[in-house]
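J.: When you get a sec, could you build the whole thing from the sequences and use the hints?
Quick note: the sequence shown uses the UniProt record's numbering, first residue 1, plus one each step.
FYI, nobody ran anything at the bench for these hints, they're computed from the structure. You may find that some hints are simply not true.
Derived DEER-like restraints, expressed as beta-carbon distance ranges [claimed, not checked]: (1) Pro4 x Ala76: 17 to 23 Å; (2) Thr43 x Thr3: 16 to 22 Å; (3) Gln6 x Glu44: 31 to 37 Å; (4) Gly41 x Glu104: 29 to 35 Å; (5) Ala76 x Ala9: 33 to 39 Å; (6) Asp38 x Arg91: 35 to 41 Å; (7) Arg17 x Gly95: 21 to 27 Å.
For clarity, every value in this text was computed on a predicted model and none was experimentally measured. Note that CB positions come from ideal geometry on N, CA and C, so glycine has one too.
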Amino acid sequence: MLTPGQPHASSAVTVTREALDAASVAEGLPTAGYTVLDTLGDTEIGIWEMSVGTATDTEEDEVFIVVSGRASIHFAADDRTIIVGPGDVVRLTAGMHTTWTVTETLRKIYVS
1 MLTPGQPHAS SAVTVTREAL DAASVAEGLP TAGYTVLDTL GDTEIGIWEM
51 SVGTATDTEE DEVFIVVSGR ASIHFAADDR TIIVGPGDVV RLTAGMHTTW
101 TVTETLRKIY VS
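T.: Structure representation (structure tokens):
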């Protein structure tokens, strides 16, 4: 848990990654994992990381900020792809079907 009034280096947070479910992997052997940093009521704040590769997902309600790495995210509903990198902020809504193509290990801070 975060200590109020104290800085915490997001790059120093340990995230244990595991192989993704084979059914969701489209290319490569990506791993992913997350660490919960804290909660605010029912809201979770954490760090999520995925290694290089391509995988599909069904999203939850979330806002995230990319800390490091690069990826493209394809949104199936409107056949649209965005590119994200450090400093980018993205809003996802529950039920979105996405394909993540990570080209440089991606680390993001999420609020969900």
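J.: Evaluate each hint against the coordinates.
T.: The hints, checked one at a time:
1. Range check, Pro4 to Ala76: about 40 Å between beta-carbon atoms, so the 17 to 23 Å window is missed.
2. With their beta carbons about 18 Å apart, Thr43 and Thr3 fall inside the hinted range of 16 to 22 Å.
3. A C-beta distance of roughly 20 Å is found between Gln6 and Glu44, which places it outside the suggested range of 31 to 37 Å.
4. Distance hint check for Gly41 and Glu104: the Cβ-Cβ separation is about 34 Å, which falls inside the suggested range of 29 to 35 Å.
5. Evaluation of the 33 to 39 Å hint for Ala76 and Ala9 yields a pass: the beta carbon distance comes to about 35 Å.
6. In this structure the hint that Asp38 and Arg91 lie 35 to 41 Å apart at CB is violated, the actual value being about 20 Å.
7. For Arg17 paired with Gly95, a C-beta distance near 25 Å keeps the hint of 21 to 27 Å intact.
Hint violations for this structure: numbers 1, 3 and 6, all remaining hints satisfied.
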